[in-house]
Amino acid sequence: MNSLLLTGGRIIDPANNLDSQADLLVLNGKIAAIGPDATRLVPPDTERIDARGKVIAPGLIDLHVHFREPGQSAKETIATGTRAAARGGFTSVVCMPNTTPAIDNPGSVALIHEKAEREGVVNVYLTGAITRNIAGEELSPIGSLKQAGVVAITDDGRCVQSNELMRRALEYVRMFDLPVFDHCQDYSLVTDGVIHEGYWSTVLGLRGWPSIGEEVIVARNILLAELTGAQVHCQHISAEGSVKLLREARSRGVSISGEACPHHFTLTDAAIAGSEVFWDTDGGDWKPFFTNSNQLPFWPSYDTNFKMNPPLRSAQDRAAILDALVDGTLNIVCSDHAPHCDYEKDVEFDYAPFGITGLETELPLTLMALHHSGRLPLEKVIPLLTTGPARLLKLPKGTLSVGADGDITVFDPNQEWVFDKETSASKSANSPFYGWTLKGKVTTTVVAGKIVWQDTPAP
Amino acid sequence: MSWTRKHLLDIQSLSAAEIETVLDTARSFKAVGERAIKKVPALRGKTVVNLFIEPSTRTRISFELAAHRLSADVINFSAEASSLRKGETLKDTSRTLEALNADIIIVRHSATGAPHFLSRFLAASVINAGDGAHEHPTQALLDVFTIRECKGKIAGLNVTILGDILYSRVARSGIWALTKLGARVTLCGPSTLVPKVFEKLGCRVVHDVEEAVREADIINLLRIQHERQRRTMFPSIGEYTSLFGLNKARMAKTRPDVLIMHPGPINRGVEIDSSLADGPQSVILNQVTNGLAVRMAVLFLVNGGSEASLAQ
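Heads up: the sequence lines are chains A and B, in that order.
So in numbering that gives the first Met the number 0 the end of the first sequence lands on 458, straight run, no missing numbers.
So in numbering that gives the first Met the number 0 the end of the second sequence lands on 311, straight run, no missing numbers.
Source of the hints: derived by calculation from the structure; they are not laboratory data.
Ideal Cβ positions, reconstructed from N, Cα and C, are used throughout, including at glycine.
Incorrect hints may appear among the rest.
Far from chain B, by Cβ distances over 10 angstroms, these chain A residues were calculated [claimed, not checked]: (1) S2; (2) R166; (3) L377; (4) V401.
Computed Cβ-Cβ distance ranges for the label pairs, DEER-style [to be verified]: (5) A:P299 - B:G44: 25 to 33 angstroms; (6) B:T288 - A:K286: 43 to 51 angstroms; (7) A:S72 - B:T56: 42 to 50 angstroms; (8) B:G44 - A:G70: 49 to 57 angstroms; (9) A:Y186 - B:G237: 23 to 31 angstroms; (10) A:P299 - B:T288: 31 to 39 angstroms; (11) B:A98 - A:E163: 51 to 59 angstroms; (12) A:L222 - B:A16: 52 to 60 angstroms; (13) A:P299 - B:D91: 13 to 21 angstroms.
Below, simulated SDA-like cross-link-like pairs (lysine to any residue); rule was C-alpha separation at most 25 angstroms, straight line [stated by the list, open to error]: (14) B:K90 - A:W298; (15) A:K426 - B:D91; (16) B:K45 - B:H6; (17) B:K90 - A:D191; (18) B:K90 - A:Y350; (19) B:K199 - A:G192; (20) B:K199 - A:D279; (21) B:K195 - A:D281; (22) A:K29 - A:N15; (23) B:K195 - A:S187; (24) B:K199 - A:Q315; (25) A:K145 - A:A109; (26) B:K29 - B:G304; (27) B:K5 - A:E275; (28) B:K195 - A:T201; (29) B:K45 - B:S70; (30) B:K29 - B:V282; (31) B:K5 - A:F297; (32) B:K247 - B:S274; (33) A:K243 - A:Q184.
Generate the whole structure from the sequences, applying the supplied hints.
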């Protein structure tokens with residue numbers, strides 16, 4: 000019998016409206032007891048974790064990661080990706096299907112499930128493609144994908160351009176009760192854009208990726224969700240106009256939702272002109288976090304670690320994303336963890352692939368932007384990373400209910416640390432946040448009662 | 000004298016004093032070009048590489064001749080961006096060239112920011128000879144040099160830049176150089192190619208060509224860049240010419256002492272009436288001559304040249 004007792008922490012479990020200082024006992028991989036019962040039931044030889052001064056939360060869930068297997072294992076693997084997740088406090092992740100080949104058939108799903116079982120340290124859930132080979136032309140075998148265990152379907156990385164095909168996909172998935180994720184991007188409007196179309200694309204001479212390219216598809220998805228009744232989830236929302244559309248649709252009860260990524264609510268397109276420009280223009284809210292270290296992070300102009308899709312947008316868009324997280328218009332935070340090799344990123348800005356890693360910085364950046372900034376109390380931030388994704392995907396996760404899986408994240412919301420390329424667990428090193436002093440550190444990550452990450456305090 | 004930079008990457012980050020330093024230095028080099036013996040030993044023993052990842056004839060020749068006149072050794076390396084993308088990376092190519100002990104690398108690239116990227120890891124000086132739709136610093140410097148030479152000043156002049164602004168690196172560098180030196184800049188062209196956002200760069204944006212040129216001291220024409228354009232930007236070259244082309248009727252409504260500039264290559268009959276390009280108000284060939292002097296000055300300055308050494 001394996002057992003684990005976490006003592007003296009502040010347990011925040013939004014699923015059960017629980018927020019109190021108590022002990023928590025995990026027995027045989029399941030949550031066994033909280034409070035006095037935990038102390039009473041604890042078996043001898045139980046492993047103990049002193050969680051005083053820390054928060055004990057349900058294991059965090061990230062429903063948008065790219066672990067690159069099969070086919071792109073130079074960038075990331077299930078083994079390295081799940082270790083980065085564990086380090087970031089994530090006990091469950093949802094992988095996108097834009098691998099090589101794409102996950103558009105039950106055989107690929109089985110292969111990755113098996114690999115995750117063998118090599119992963121956290122729970123790995125899979126999504127399947129909406130269309131065969133993510134080509135946007137014909138439906139993939141969605142029913143078979145569901146039977147193989149996918150939790151959603153998406154063509155992430157690409158966006159289904161045909162409105163008719165998207166409509167049929169949504170009608171079809173209703174048989175299977177699967178949510179459909181969409182990477183909202185109208186190709187005819189975005190064309191070959193690489194950064195947000197606005198002041199900085201004008202000054203830097205980089206081709207613009209206009210907000211309207213996202214908003215048009217969000218509007219389409221709202222209309223199709225309303226028409227079909229399917230659950231549509233808009234991925235990595237970046238633009239103010241998208242937020243307005245979603246807010247209005249959700250207020251009418253349309254089955255549509257959206258997610259936000261930390262980079263979109265922390266950075267802006269000014270960052271592509273270099274750190275000095277960013278700190279002078281849009282970095283003001285972040286400067287207080289660097290008063291102790293007394294050193295603002297530096298990066299050059301045209302740094303490809305600031306290139307992702309959708310792109311960093313204006314300060315006004317950033318503010319709209321934050322507001323949407325506060326009022327619930329966006330109810331999920333995820334990383335869009337997108338590793339790329341150094342030699343792929345170390346090129347001209349136009350030629351670099353889109354995407355940055357994010358699992359290890361996600362929780363602290365979210366805490367900084369939402370909690371430490373005074374926008375939300377902790378108990379309102381945690382649902383964005385637990386119950387939000389769990390409910391959308393109908394996963395039995397994101398809760399500390401007795402009997403639930405023993406997935407737990409312990410973090411110190413106030414501990415400051417510097418994110419360092421050398422200690423990152425990801426196979427790739429394409430984050431814009433190296434050298435950042437982050438506030439909030441995961442100290443222990445537990446999956447099914449087993450410790451998969453434990454921070455060793457600096458000497 | 001105010002120049003301490005190792006690279007010339009863009010005009011945006013230069014101060015007015017730095018721009019004036021280049022112009023003053025260029026004036027000395029222009030005098031060299033008018034001598035019987037047009038060569039000086041300022042860069043003797045130095046190696047200059049023309050790294051052109053986008054086709055160019057006039058800029059490359061101008062830089063090449065500038066380097067020769069300073070007694071440098073010159074290597075030309077040309078490649079299509081597409082072939083470079085398939086094989087060796089720009090980083091590897093440039094480091095290979097640097098391993099041949101290059102002192103100055105002049106880079107022209109269709110990818111914006113490529114010179115900035117190179118400057119991060121090369122020990123050599125990097126000079127931007129045009130990067131995508133971003134900047135073309137030496138073009139702007141030779142333009143303001145020409146204006147100053149003809150008009151005796153920059154501050155207070157009305158300069159109209161007419162044409163495809165959105166995709167133009169010449170326009171961006173020109174806007175920064177002119178506004179830093181105190182000129183008033185008007186941009187004109189189709190609304191799709193001259194969006195309002197350029198007002199945030201300190202310019203006036205108008206879409207009526209007669210209004211744009213009426214008070215101008217300088218009209219700088221830009222070529223319509225078919226190769227950079229999406230097909231949806233304007234209906235046809237014919238319509239562009241009828242709405243925005245500089246012709247005699249429009250010239251008749253300008254100031255008598257207005258000067259016409261063009262970075263070349265000219266599309267005669269498209270953005271400019273053929274006879275105007277050759278007329279008395281055109282300083283297009285002066286720009287070419289001045290380009291040589293300006294590029295000599297830039298090569299000299301990024302290599303650490305000073306006024307004292309120039310006097311020798």
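Going back to the hint list, which numbers does this structure go against?
-> The structure breaks none of the hints.
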